[in-house]
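4 protein chains.
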Amino acid sequence: MIRFACDYDEGACPEIMARLAATNLEQNPGYGEDPHSDHARALIRAAIGRPDAYVQFLVGGTQTNQTVIAAALRPFQGVLAASTGHINVHETGAIEATGHKVLALPDKEGKVRADAVDEYVKGHWADPTHEHMVQPKMVYISHPTEGGLLYSLKELEALRRVCDEHSLYLYLDGARLGYGLVSPETNVTIRDIARLTDAFYIGGTKVGALFGEAAVLLHPDLQKDFRYMMKRQGGMLAKGRLLGVQFETLFTDGLYTRIAKNAVDLAMVLRDALKAKGVPFLYESPTNQQFPILPDGVVEKLSDRYAFEGWGRVDDTHTATRICMSWATPKANVDTLLRDLLPLL
Amino acid sequence: MIRFACDYDEGACPEIMARLAATNLEQNPGYGEDPHSDHARALIRAAIGRPDAYVQFLVGGTQTNQTVIAAALRPFQGVLAASTGHINVHETGAIEATGHKVLALPDKEGKVRADAVDEYVKGHWADPTHEHMVQPKMVYISHPTEGGLLYSLKELEALRRVCDEHSLYLYLDGARLGYGLVSPETNVTIRDIARLTDAFYIGGTKVGALFGEAAVLLHPDLQKDFRYMMKRQGGMLAKGRLLGVQFETLFTDGLYTRIAKNAVDLAMVLRDALKAKGVPFLYESPTNQQFPILPDGVVEKLSDRYAFEGWGRVDDTHTATRICMSWATPKANVDTLLRDLLPLL
Amino acid sequence: MIRFACDYDEGACPEIMARLAATNLEQNPGYGEDPHSDHARALIRAAIGRPDAYVQFLVGGTQTNQTVIAAALRPFQGVLAASTGHINVHETGAIEATGHKVLALPDKEGKVRADAVDEYVKGHWADPTHEHMVQPKMVYISHPTEGGLLYSLKELEALRRVCDEHSLYLYLDGARLGYGLVSPETNVTIRDIARLTDAFYIGGTKVGALFGEAAVLLHPDLQKDFRYMMKRQGGMLAKGRLLGVQFETLFTDGLYTRIAKNAVDLAMVLRDALKAKGVPFLYESPTNQQFPILPDGVVEKLSDRYAFEGWGRVDDTHTATRICMSWATPKANVDTLLRDLLPLL
Amino acid sequence: MIRFACDYDEGACPEIMARLAATNLEQNPGYGEDPHSDHARALIRAAIGRPDAYVQFLVGGTQTNQTVIAAALRPFQGVLAASTGHINVHETGAIEATGHKVLALPDKEGKVRADAVDEYVKGHWADPTHEHMVQPKMVYISHPTEGGLLYSLKELEALRRVCDEHSLYLYLDGARLGYGLVSPETNVTIRDIARLTDAFYIGGTKVGALFGEAAVLLHPDLQKDFRYMMKRQGGMLAKGRLLGVQFETLFTDGLYTRIAKNAVDLAMVLRDALKAKGVPFLYESPTNQQFPILPDGVVEKLSDRYAFEGWGRVDDTHTATRICMSWATPKANVDTLLRDLLPLL
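Chains as they are written, first to last, in our numbering: chain Y, 65 to 409; chain R, 65 to 409; chain A, 65 to 409; chain S, 65 to 409.
Hints in this document: simulated from the structure, not taken from any laboratory.
Worth double-checking, as some hints may not be accurate.
Copies of the same chain are indistinguishable here, so a pair counts whether it falls within one copy or spans any two.
The list that follows gives simulated cross-link-like pairs (lysine to aspartate or glutamate, EDC-like), each with its CA atoms no further than 20 angstroms apart [said to hold, decoys possible]:
hint : residue 1 : residue 2
1    : Lys186    : Glu373
2    : Lys339    : Asp329
3    : Lys325    : Asp368
4    : Lys325    : Asp289
5    : Lys339    : Glu79
6    : Lys325    : Asp171
7    : Lys186    : Asp380
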């Protein structure tokens, strides 16, 4: 069985495994106050061009979203997100668990548009009963989105403007950030993200780490006492050094984007091969996840040798599927898949 | 200025004011453990035909919704509601404040349909990632709805069936219940509601009381230790006798429905008069709230003498308005309004 | 049966009942945006000498505490209180329900001492693991305390200083404030309280109103968007006019303190009579609640004609009891009680 | 610098590092639904003698406590704990973050005594105002405690009895469980714990794992839908296989207790050597943490070569210190410490 079901099927990239082994018997203080974590913070600040950034490491994405959002909002404030956003659908109410409503904006493509934010927030304040409604205070976006799509620089700048106009925080979930940064179709750099958002996180779990996300807090309001929030949310790792070691490895010699590139390159190979056969796609993803719409029989025939995730039926005879490449995917796996799949189309 | 802006512009019906005055210097134990509250409970149990019902009185609707819903759900469970439902829009996140997500079901008319519930819940359990999503466990409906509409007996029975099939609680928000019970177009009695739901509340605030809602808990799971929940949510009134006195008055000699009938009769007068002039309505409400769509100029011309609430623009030249009648509305006010309004149409 | 069990056994003082009746059919906007509420706010601002105070009305004490405290604190912050404080013992976890820990300070008399606050807060920040502990950010005091005691002006000033030194909010629960203000043994005025605290509430429920508390927010941080908090906590009364009418009545012609004085005068009569007989007291309360320590047989003998609350056994043969006077207690009731009680001592 | 500051200064034991490396490129499903996690569960069920146990793996202790406790309690219920208990002091309000109060029981030694539980719970239900107080529903104990102490079998059985009598859950925090199980002074086995508690966790972070705790849920009420709770609390690790691999390694060939024994043996060496010199101890710990009371000068003199944690001043010239041994401590480190320390006493 070859798995394309997600981008965290394997452990960590070999460089990280080696560094964890090499540092294993070092004695370090706990909770992220060790030299590896400090070094990783410095490397990240340099990479993003923001010496004022406050960086903390958490174990997973839901935990990071929950902690950042709850740190930013007063109790009656909510966070705007695409209705398909991870925080709205796939976190078992982790945001609501902290007392906050996710204010879902419908969108066909799963992106948050600046004009939809503008309309929503203006509508809120214009409503004479606005005190009876959750106050919008933050915009949550994923880059790439759940569907693998990317914001353009222009779109991000427009979001920044609308956030400034309405005093909203802009928060970017970068669970798959690496795969977005190396897409052949992006014009957004990590420095743009660090310039335009109030907070974002650099995903490790899905991009080569064993686990771990680097929360980057840019707005001073979000920095203050953030470690208390981490502890309260159960998100402060005792052996914080493990996160430090992983991120210092990922941010040394461009490892983070180098391993991400493998995944995106292979995804493009798959995309091009399927497009050449006329296969339609649910989203036009330029990143490591591809969503081809396949005839039902085809999916079935492959299911004993390959694992994908179904992504919803499209019509009576077709299903969208998600095929994920990761830092760990060997080219041979994609070749094999194409060899088995193409003849069925 | 004559107000038709809502059904709580006035104080309480004279019978209640008189009883509060008459009992004012009685000494009673606090927190709803007084003879008036017990008497009111007995009257309600008799009226709804459920001797096993557990009845507690709270001050307001948001508080009641929050307390009942949080008492019923485990932390990762959510409540299905129409996207226009009061708990989803107009309670400043009071449900999320207790850690629970409102799972919004889109619907044109603001009603929750049994088949939409069925589809949602089946979809949840069929999804292999269902543990990553909020578990649906309760259905919330309002009767009348925010738009003044009513469920038919058949619709309520279908909701009961789907809730039974999927082990969901059915909870009915009766903020305006009285106005629903006396509608000329309903076939649902309070006994039907007590037979078909797991919990509901009988609204006092909008139907003749100074304030107060009677939470009626039918499912044994919801009854246990409910008073702890009330206290925790800040919803246990020290002088509980005030709620007891009001509800024993409302449930003596049919006062509750008698005063509600005044409001609905006047609403029908208004509706018929406007329909005769060809005025369209946003909802076909058979209850005390009417939502005529009026030309903009008309609304403006009346605005110095009458208060309504705008209910959203319909097109470039028309606005839906909400005109509320209450137990307290004098027929003369409606006559005056029609005299001023009809010539403008 | 004559009840001395609490100070909310009766309804409201006659002046309030009369005003509620007189204004009953007025039409008013809801949610505290009516002229009566505005007038009451102006009267309170004048009475406390703080034109910058932000005043909102809530229904009960637990709700008020919960709303003010949750409005003030970030998620990882807690509130210091006496271990016997109402929020620590008698609110069924209403503060924890909003996610905050009550940091209990032990004290024999149930008062919070400035030096205990100082020691606690210094200890917090000096501890290298302080991020693993709830951050103290507010001091909660009751005046009078649960045991009827009062802070002296000097004690309040010391609390203010320690709060300033450590950037803590000082919040005063005035559920029985009226009874404190008129005590023959106090040197603290409502203006002192308004000068020295960041927030306090003026209790209506226990001092002559049907229900209602006036939250007075002095620190600008606590004022902002407070009405959103009220709604979220289920604490925004639909017919806010009821609270407005009651507080404008209480703050007209000194009614609030005038009716409070009746209770305290009678309490002093009781105290003096029992002291003359050598009865010891649990607390040396100079307010409306008295805590005499009585032989067990005595309490029993009176229990068919009088209701008090037991306040804990003191030794094998004695029990502390709480005897409450209120605005509504007739002198005759105290005379009768003394006539029955004194011969048993 | 040699660190004795805590038992998580190093990474993981070599067996775990080797297994993580060996399985690194395996493809596995996420979220703990992989063969390694299933195998680890089977090994744990066998080791504890409870084939009906439900086992889930989480990353850290605070997260585990928060998730288990919030899964067990209704909103108005609280958890009894020693006032020095980890959940009461060192989790930045993580329990309160889920809406629950920690009901602190004072105790000199930091243990929860069955009779103190009995008295508290009886007192709760006997109080006529019990609905105004948090309802006790769970007992939380640590084994070893924060001070390294152990419950005897008799004490655990007494706690079980009192929990049965009052329908309380008994939950044991086993952050350092391994060090307790191998103490020369214990008569409690892991099978006793699995027989007597409703839930407990087997600590990995402090006993040889990189990170991870195995939550063992024995009472059926706590098992149901626990994975939803994990996800909601941000505690479901994407690459759950990492936890599975670690616990299958720890529970193969007795590794868990074998490495724990190293720590306890060395702690006994230290204890005996200091006792021989007449050094007093804050707690009579028979486990890996030792709390000698040392003259201030001594601590200072060692502080440039050794890291310990101070554990509070005992008098004007003495400080209690915590000296931790772990699975990773070499005997040479203890020898060196004693060689430097003993001459100073």
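Since the copies are identical, ignore which copy is meant and state whether Lys325 and Asp368 lie within 20 angstroms (CA to CA) inside a copy, between copies, both or neither. neither (29 angstroms within a copy, 47 angstroms between copies)
As a check of your reading, is Lys186 near Glu373 (CA-CA no more than 20 angstroms) within one copy, between copies, both or neither? Classified as between: cross-chain Cα gap 19 angstroms, same-chain 39 angstroms, threshold 20 angstroms.
Should Lys325 paired with Asp289 be assigned to within, between, both, or neither, using CA atoms and 20 angstroms as the limit? Result: close neither inside a copy nor across copies, 36 angstroms intra and 39 angstroms inter.
One pair to classify: Lys186 and Asp380, alpha carbons no more than 20 angstroms apart. Within, between, both, or neither? For Lys186 and Asp380, the Cα distance is within 20 angstroms only across copies (19 angstroms; inside one copy 41 angstroms).
Up to 20 angstroms between alpha-carbons, please classify Lys339 paired with Asp329: within, between, both or neither. within (15 angstroms within a copy, 65 angstroms between copies)
When no copy is named, should Lys325 and Asp171 be tagged within, between, both, or neither for a Cα gap of at most 20 angstroms? Intra 29 angstroms, inter 44 angstroms, cutoff 20 angstroms: neither.
Can you tell me if Lys339 and Glu79 fall within 20 angstroms by alpha carbon in one copy, between copies, both or neither? For Lys339 and Glu79, the Cα distance exceeds 20 angstroms both inside one copy (35 angstroms) and across copies (47 angstroms).
The structure does not agree with the numbered hints 3, 4, 5 and 6 stated previously, though it agrees with the rest.
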